[in-house]
Structures are given as structure tokens and as C-alpha cells.
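Engineer: Residue numbers (our numbering), protein chains in the order written: chain F, 1 to 120; chain E, 1001 to 1172.
If you're looking for bench data, these hints aren't it; they were derived computationally from the structure.
None of the values given here were measured: they were computed from a predicted structure.
Don't take every hint at face value.
[As the list claims (entries may be wrong)] Derived SDA-like pairs: lysine to any residue, alpha-carbon spacing no greater than 20 Å straight-line:
no.	chain 1	residue 1	chain 2	residue 2
1	F	Lys-97	E	Arg-1159
2	F	Lys-99	F	Ser-65
3	F	Lys-99	E	His-1123
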Amino acid sequence: MFDLIRKIWRTKTVTKTELFTEAPERFRGKPIFTSNECTGCQACTTSCPAGAITLQQNDDTITVSLSYTTCIFCGICAEVCETNIIEITNEYRLATKNKNELTVSQQATLAKLLTARKEV
Amino acid sequence: MKSGKEQTTDLRWTLQKRMKEVLGRSLHIRHVDSGSCNGCDFEMNTLTNPIYDIQRFGVDFVASPRHADMLMVTGGVTRHLEEALIKTYNAASEPKMVVAIGACACSGGIFGRTYANYGGVGHIVPVYVYVPGCPPRPEAIIEGILLALDRYEELSRNRYEELSRNKGENRH
């Protein structure tokens, strides 16, 4: 009985007084571009379950574009990328009035593969 | 006019204050499930629990679109639920604020655009605010509501100006 009252006393109210608190550090939120090197290996496009990433290769540059509307924030693209062009942050506030704002793209220079891929 | 992202600093009663400014009274929301997986619906339910407790600001979920100012649509509109969505939209009273919650409602998400899935609420009804996320956090949904109020304020001001301009023209 007293334990229960003590527990309630210690917990106090759980209602949030601030509306926008920061998400936990390991929360998978908005993916952002952190570098401008891409090997063009297409690991991210093939591993993306929702097909949110597209690569467009020109002569020596690659345009990586990412759509937050289709993205399901699984973080696989950040895991498989060798050059760490995409990184997951804990930013979650993506609401917008304009849908075009939700597609971002990055110009990247071609980099060589760091590890040789095994031919199967 | 401040956007939703700039309003973060003060905030305890921002939502209530904005609603009083824009709508005059409280905001009632009708939830429309157009074929979602229930992830986003659960996140919307958490808005009324003791942690977020959105009812203290005057926001409430109602059981009929005729009582609602805002429609919150989850899911990427399946073929069977298209009619339900259109009927709900027609039954809703003005302002018909539509907020698309989740990746599916924004652009089809993981299902995409197929023979059974329309791939987004935007193809069927006009959408005020897109809240991406799979599912979005409850705080992100609150931000979506704030942005929808901003959008409504903008539109109603433009409409008011247009009406007053027309009145002026008629007089001369």
C-alpha cells in the first residue's frame, strides 16, 4: 500500500509540459546527406524496402535523391553505404505544407570502391 | 506569421492559443482509416493518453465527420476505401482540413501505387499538410496540426481579401 503511494509520489505527473521534446539518441529519424562521395554501387537503392532512393549517374557525378514521403526510416541505407553518404539522425519533425520539400537530392562525385566485391 | 517550426520555444499552451486565434474555439478531428496497417492509428490514439493529453488544449477526436473541422487520414487509400474517404470528405463541415499521416498517406509508402492502392491521399482529396514517418511520432502529428492551422489562416485571409475586393468592385 505504502509502496504504491510512494511510487506514485516519485513518478509525479507524466503529462508533457513541452510539446516538442528531443527524440532519444538512437531513434531512427530523418536521413541526411553527410558527404559528397558515392561509389555508385547501388547498394542503397536495392536494399531500400520502399524504393525511396534513386541514383542518377552522369559522366563523373552521381545525383542521389531521397524522398521522405516514401521513406520508412529503417536505416538500412545508412548501414550498407560504404562512403556514409546517408546518415540517420534523430530528427523527427518533418511535417510540411509543400510536398516538394520532402524530396532532397545531393550531387556526389564518383569514388572508387573501398572493398573489392566478390563475384558470385 | 510564425511557422510551426519557429513556435517551439514557448509552447506550453501554443496549440490552444493558435486554435483560439485561427478557429475561435476548439478543434475537432475525425480520423479516417483508408487502409492503413494501424501503426499510425495507434500513434494518433496516444495523443489522448495522459502523456500527451491533447484534450487539455481543446483538441478532440469525434465520431462523425459532420462534427469535425479536420480529417486525419491514415493509409494509402485502397480501392475499397476510396468511396468511404470521398463520402467522409463530402460530409465534413468547412474548413475541410485534411492532414495525411504517415508514409502511406503521403505517397503510398511501402505499398506504392498499384492496382489495389491509390498511392497517397493527395490523389483523391486536397491535402493541407503531409506528416511523413512510419509511423510519425505523436509530437510530429501535433506539429502537423499546428501547420494545418497556419495553412487555414493563410487561405481564409486570402479568401477574405478576395471577397472584400469583390464587394468594392460591385459598389462602383
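Engineer: Indicate, hint by hint, whether the structure satisfies it.
Structural biologist: Going down the list of hints, with the structure as the test:
1. F:Lys-97 x E:Arg-1159: Satisfied, since the Cα-Cα distance of roughly 18 Å is no more than 20 Å.
2. F:Lys-99 x F:Ser-65: holds, 15 Å
3. F:Lys-99 x E:His-1123: holds, 13 Å
Violation of the numbered hints given earlier is absent; every hint is satisfied by the structure.
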